[in-house]
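**Q** With the UniProt record's numbering, the residue at position 30 of the sequence shown is 30, and numbering never jumps.
The set of hints was computed from the structure by calculation and includes no laboratory data. Treat the hints with caution; some may be incorrect.
With a Cα cut of at most 30 Å, we get these calculated DSSO-like pairs of lysine-lysine [unchecked claim]:
#1 K58 <-> K18
#2 K92 <-> K123
#3 K123 <-> K6
#4 K6 <-> K18
#5 K67 <-> K6
#6 K123 <-> K67
#7 K58 <-> K123
#8 K92 <-> K67
#9 K92 <-> K18
#10 K58 <-> K92
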Amino acid sequence: MTTTAKLLAFSIDCTDPKGLAEFYHRVTGFEIQYADDQYAAIGDGTVSIYFGHVPDRKPAAWPGPDKQFHLDFRVPDVERAVADYLELGAVKPDFQPGVTEEGTGWIVLQDPDGHLFCVCPQK
Numbered sequence: 001m002t003t004t005a006k007l008l009a010f011s012i013d014c015t016d017p018k019g020l021a022e023f024y025h026r027v028t029g030f031e032i033q034y035a036d037d038q039y040a041a042i043g044d045g046t047v048s049i050y051f052g053h054v055p056d057r058k059p060a061a062w063p064g065p066d067k068q069f070h071l072d073f074r075v076p077d078v079e080r081a082v083a084d085y086l087e088l089g090a091v092k093p094d095f096q097p098g099v100t101e102e103g104t105g106w107i108v109l110q111d112p113d114g115h116l117f118c119v120c121p122q123k
């Protein structure tokens, strides 16, 4: 039988750990657990997101094959959340695969360091 693992944290390489910790703290409500110029962490007591300084990191083009991950967040009001996150420094790329003729399923945004994340409606 394979050992079952429990997710502790998700680590993100970035150019500004403190800035991204603050951004995602505002998006998720997770507490800032630690923040300096090299490393930062936010969490809810169960799962954490870590941010590690990589000075020459370059964001992947979107759309494109170099994307390695993205985070998905559920919100009660997608349009309101998108407006809030844009105000915090996120960017809305032109390519939006979740927007169809039937309406908006989800919106793709880029955080201030260029990482993609999706803003998804409640079910």
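**Q** I'd like to know which numbered hints this structure contradicts. Please list them from smallest to largest.
**A** 7
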